[in-house]
Amino acid sequence: MKKYDAKQQKTSVSGNPLNLILGGVFALLLIWGLFRINPYPAATPAATPIPAAVQVQPAPTAPSAAPAEETVTGEAPETTEEPAVPAVEKAVYRIPEGQTAPAPNPAAFGCVPVESAAQMEEVYQKAVELGLLEAGEAVAFRSDADFNRGSYYQDIMYYLDETLLVVCWKELVGGATLTMCEIKIGDGSQMRMNIWGDINNENDNNYLSQAIAGLNCVVAMNTDKCKARGDGILICDRQIYKYNENPYAGNLKRYNCLDNCLVTGDGDFLFTYRLEERTLEEMQQFVADNNVIFSMSFGPCLIDEGQMRTGYFPGDENYIEYAFGENEKPYSRAGIGQLGTRHYVYCSLNHSDEMAANWTMRDFAENMYARGYFRNFYALDGGQTAELIINDTIYNHIDFGAERLTSNWLYFCSALPEGAAS
Amino acid sequence: MTRTSFLIMLGTLLSFLLTAILYKKRTGSITAVLAFYPMAFILSVLFCRFLHWYSAGQLYRSLFQALFNLKMGTYSGAGIVIGTCLAGWITAKLGLCRSRGKLMDCFAPGFLLLFLFIRLSAWGTGRCQGGKNITAKLLHFFPICVKGTDAAGNTYWRFATFAFEAVLLLIAFVFVLKFYAEAGTRRMKKPAGRFGNVWKWALTLFSAMDIVLDSTRIDSLHFTFRKILTLNRFSSFVSIGQVIPAVVLLCVFVYYLKNSVKARGFRSGHALALAAFVLGLVLIGYFGEYKWQRLGKYWSYLSMAAGSGLIVYTVRQLMESCVKRTRPKPEEE
Chain A
51 MKKYDAKQQK TSVSGNPLNL ILGGVFALLL IWGLFRINPY PAATPAATPI PAAVQVQPAP
111 TAPSAAPAEE TVTGEAPETT EEPAVPAVEK AVYRIPEGQT APAPNPAAFG CVPVESAAQM
171 EEVYQKAVEL GLLEAGEAVA FRSDADFNRG SYYQDIMYYL DETLLVVCWK ELVGGATLTM
231 CEIKIGDGSQ MRMNIWGDIN NENDNNYLSQ AIAGLNCVVA MNTDKCKARG DGILICDRQI
291 YKYNENPYAG NLKRYNCLDN CLVTGDGDFL FTYRLEERTL EEMQQFVADN NVIFSMSFGP
351 CLIDEGQMRT GYFPGDENYI EYAFGENEKP YSRAGIGQLG TRHYVYCSLN HSDEMAANWT
411 MRDFAENMYA RGYFRNFYAL DGGQTAELII NDTIYNHIDF GAERLTSNWL YFCSALPEGA
471 AS
Chain B
16 MTRTSFLIML GTLLSFLLTA ILYKKRTGSI TAVLAFYPMA FILSVLFCRF LHWYSAGQLY
76 RSLFQALFNL KMGTYSGAGI VIGTCLAGWI TAKLGLCRSR GKLMDCFAPG FLLLFLFIRL
136 SAWGTGRCQG GKNITAKLLH FFPICVKGTD AAGNTYWRFA TFAFEAVLLL IAFVFVLKFY
196 AEAGTRRMKK PAGRFGNVWK WALTLFSAMD IVLDSTRIDS LHFTFRKILT LNRFSSFVSI
256 GQVIPAVVLL CVFVYYLKNS VKARGFRSGH ALALAAFVLG LVLIGYFGEY KWQRLGKYWS
316 YLSMAAGSGL IVYTVRQLME SCVKRTRPKP EEE
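Chains as they are written, first to last, in the working numbering: chain A, 51 to 472; chain B, 16 to 348.
It is worth saying that the hints were derived from the structure and are not from the lab.
Glycine included, each C-beta is placed from N, C-alpha and C at the ideal position.
Check before you lean on any hint, since a few could be wrong.
[Claimed, not checked] Each pair of labels, with its calculated beta carbon distance range:
#1 266/A to 108/B: 53 to 61 Å
#2 253/B to 199/A: 33 to 41 Å
#3 199/A to 234/B: 47 to 55 Å
#4 163/A to 155/B: 40 to 48 Å
#5 257/A to 332/B: 43 to 51 Å
Using the sequences and the accompanying hints, generate a full structural model.
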């Protein structure tokens, strides 16, 4: 190593060639940095603004849209029970598998202040008139709910066309904000799952707000971060991608240590429960027999066939600690349930400015069950993962105030062909 | 060239000039500074990019792309701490300066000045926003808050993390400069080194503020344990921007505790300092960060601020316990 020489070092900058070289290098680096170093690139532009409150128009006397590329025909026209409403011949639109959904109609989005929540009854009535909802069908939205008026996203947002009804609102439950999203689709093909990037690369993730670009979704939500976890089942486009039969703990195996939610082509939820034994071949047969399109793996399944399920909470008979979700701790929660045929409600309880979320999974289950309208209900990954986007706008308050990188999401889209009047 | 790039390079230049002036005044030469800065620049960029690639690898096709294609992606500021420390070590190893501690002491105020400009450069880019919404109108003023508009056209106010940190860095810069001026009159009890204390003090102040403010950021980078421990549930949970400052604080604390014990023998004050440091970490880590992530309560920030303040105080007390209380000899070169 070169020995330090104070005399040599104490020469002036210009008199020492080493200094000149080093100074030149540093100057070049500074100039280079001027054009290359930018740790704060401009933020991504805002998404499409939500239009102001849309006035609900009277229903058309007949569907004005042309059928989509693939139309299921032969169904009897559905009519409402009210004689004042003219009969509507219902066309059922389907989005072919593997094809991008048609873009939603911007005019079909609406926004209603909570002070005018009663206006939403007109929207639901319109959905009945369009044949999307059946007259008298149970819905989750109540105009007299205790709406959250504290955060800046207190407005009720909705989308309605002939094929899709989405209503998002926030209500207060014990001081905490519960974000709700009610969805009714005309066909099972409108409920889709998207997996980001390479399905086998667990590090290939994205933020939901960025990942949904081009999907033409009306509403999207995170589900289970399926690529990041080795447990449960992963089915996508009718193919099984994850089915690990190695032991998890006790009698549980990796694939059956969770309740798995399988979504069929008709938009129904099927469940495989913990400890249910199936070989991979049997599972493949099950998928084929039941027309299973994709799966969600988190759980537990809190309600099935209208009954609250047990075994997940301390004190329950046959209690086994659930693998995911920190069920016994007060925490944020999320889940999705089915009210009826192609009729769903997504719920997310997040940290909010008003009050931190404080539900155990049992609290969550009891609250959902007490609502009385769920045929089934399946818990999803809550906390920071839980995110709901409608019309490219993040609707719920995400825990810690920031999106999380995730790998897969559930989304709903309109099947109405682009350009067709709603 | 963007305004951000311009401000950062301006900060780098001012930092260099300040370091060169201080070092020239102390040693009569600036060769070491001229060698140190390009090295620190390159190493910092590489480490900043490496850390960002490690935490947000999905944004890059490969590590090579992350390190050398600077047109895309961004940086982790913690890499500057690693890059500058390594550059100081290499400069000394190359024989370009007699005392690494002396070089780093001269660099300490410039380090804070550089970070001040880096944080200031975020202003107006939309990246100054912290993750926390501020609803109290009383707090809606710069640099506490920054106004934004969401996609739906609603106005919101968020904590202006970087602007707030810039103010704190300015205060720390003044403190460190003052400490630098006083440091020449101090002699440490052996085996504590005479030089390097200003640098350690600057790192302590910087780490103590960064460990708290990282928690308010909307874009914190996290350790990914997936490949290491297969603890999937903890992935994207532990922040790099908090762990690296915590490690720095621990290193500084251990350094002064060890030297203080060697110089003065083990005393009850050392046990107290150890307890205070552990308490500080618990306040930051458990009652602050962990509880904040779980409960989102404002008191978590107060807990973190109290914890980091306690650690800073403890380090300073240990540092003082190493000072020789005699008339200092004239500085020799």
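What are the numbers of the hints that this structure violates, sorted from low to high? Violated hints (numbers, rising): 3, 4; every other hint is consistent with the structure.
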